[in-house]
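Guided by the hints, dock chain C onto chain Y, whose structure is given.
There are 2 protein chains.
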Amino acid sequence: MTNNRIVTISRQFGSGGRTVGKQLAAQLGIPCYDQELIERLAEASGFTPEMVAKQQEASPYSSHWAFALSESQFMGTSIQDQLWQLQRQIILDLAEKESCVIVGRCADVILKGHADCLTAFIHAQKDKRAKRIVEVYGETEVAIDKRIRDKDKRRAVYYEFYTGQTWGLAENFHLALDSGELGIDTCVAILADLYQR
Amino acid sequence: MTNNRIVTISRQFGSGGRTVGKQLAAQLGIPCYDQELIERLAEASGFTPEMVAKQQEASPYSSHWAFALSESQFMGTSIQDQLWQLQRQIILDLAEKESCVIVGRCADVILKGHADCLTAFIHAQKDKRAKRIVEVYGETEVAIDKRIRDKDKRRAVYYEFYTGQTWGLAENFHLALDSGELGIDTCVAILADLYQR
Numbered sequence: 013m014t015n016n017r018i019v020t021i022s023r024q025f026g027s028g029g030r031t032v033g034k035q036l037a038a039q040l041g042i043p044c045y046d047q048e049l050i051e052r053l054a055e056a057s058g059f060t061p062e063m064v065a066k067q068q069e070a071s072p073y074s075s076h077w078a079f080a081l082s083e084s085q086f087m088g089t090s091i092q093d094q095l096w097q098l099q100r101q102i103i104l105d106l107a108e109k110e111s112c113v114i115v116g117r118c119a120d121v122i123l124k125g126h127a128d129c130l131t132a133f134i135h136a137q138k139d140k141r142a143k144r145i146v147e148v149y150g151e152t153e154v155a156i157d158k159r160i161r162d163k164d165k166r167r168a169v170y171y172e173f174y175t176g177q178t179w180g181l182a183e184n185f186h187l188a189l190d191s192g193e194l195g196i197d198t199c200v201a202i203l204a205d206l207y208q209r
Numbered sequence: 013m014t015n016n017r018i019v020t021i022s023r024q025f026g027s028g029g030r031t032v033g034k035q036l037a038a039q040l041g042i043p044c045y046d047q048e049l050i051e052r053l054a055e056a057s058g059f060t061p062e063m064v065a066k067q068q069e070a071s072p073y074s075s076h077w078a079f080a081l082s083e084s085q086f087m088g089t090s091i092q093d094q095l096w097q098l099q100r101q102i103i104l105d106l107a108e109k110e111s112c113v114i115v116g117r118c119a120d121v122i123l124k125g126h127a128d129c130l131t132a133f134i135h136a137q138k139d140k141r142a143k144r145i146v147e148v149y150g151e152t153e154v155a156i157d158k159r160i161r162d163k164d165k166r167r168a169v170y171y172e173f174y175t176g177q178t179w180g181l182a183e184n185f186h187l188a189l190d191s192g193e194l195g196i197d198t199c200v201a202i203l204a205d206l207y208q209r
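Residue numbers (this note's numbering), protein chains in the order written: chain Y, 13 to 209; chain C, 13 to 209.
In isolation and in its complexed conformation, chain Y is listed as follows (with noise of 0.2 Å):
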């Protein structure tokens, strides 16, 4: 096992989750990696960073379900398993490289057992992540109640399936924080604070 520290960010959409990983980062002068893994996945399967991304938000049971329920390591052979085990092999490596933030991408579990990690969640309610969505990505077609209701699902869906834990559970992380309630600057002082212990 590695002597770096990592620290794992799970996060709501539309929390603040990445901004907090964003600024404990900067705080701490360590690396935050989140879309920049998107496109190492990219450089390492020949697929666009677009490609990747939709891949991640699609179901892992739309196809191959299966061979998902087989006892095989690699659950069948979608292209989201195949990205699945580069993500996983990236994670690994970092985590093996040097300390640093690390955003979604079940880090959490990925690292268990291979690094010293902090895993956090960060959530918000939901008249407060609309808020911050509208915000930070602007009005689609799409209402905002859906928005939300389907990106939480796709995430709770894709980490249940890769970790076979349930999505949100305050059990599976260190600590949880309300970004909506506590504002985020609290968050990452507190993430910080326990990261420097």
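Copies of one chain are not kept apart here, so a pair can be met inside one copy or by any two copies together.
Listed next, the in silico PhoX-like pairs over lysine-lysine satisfying Cα-Cα at most 25 Å (straight line):
1. K143 / K124
2. K165 / K140
3. K124 / K140
4. K138 / K34
5. K66 / K163
6. K124 / K138
7. K34 / K140
8. K158 / K138
9. K34 / K66
10. K66 / K165
11. K163 / K34
Hints listed in this document are in silico derivations from the structure and should not be mistaken for laboratory results.
Just chain C now, kept in the frame of chain Y:
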């Protein structure tokens, strides 16, 4: 809504949540209500404290479930439901009277909209909880795994029956902390700091 500030602590059996509550209250110089709530409830109901504790451990589904499915505010007329109403009023009165820490009893949901609350959930991995339970409560004839499983289930059923929320979901709390990984003193420090902000 009262100006008092309340900390509610929900906790997994054996996580040390009660100890977190007591230490936090001592540090903040405010009272902590836990076992004392049982005594107040006993006094108000005419039952013995033992009977009150026992009723709160029984499944709300064990009787009167037909009433529970009705729209009645009182959700049936079982002893448990009557105790729930009394407990609800005792907690509302406490929050009206003074700033305090309240451990368990679904106080987070009862006080929603009635008081300025910081809501916390304290949890820990099963092996650490098992160790703590034996240290604090001693061995019994029942295997430790079964004691944890039974108590977890009872708390979840009670909470879900009376609040309509899923037990242990991160999004139901302002923060959730793993006392086994972070340590009880760190949990107390984080909560005290948030309370004083």
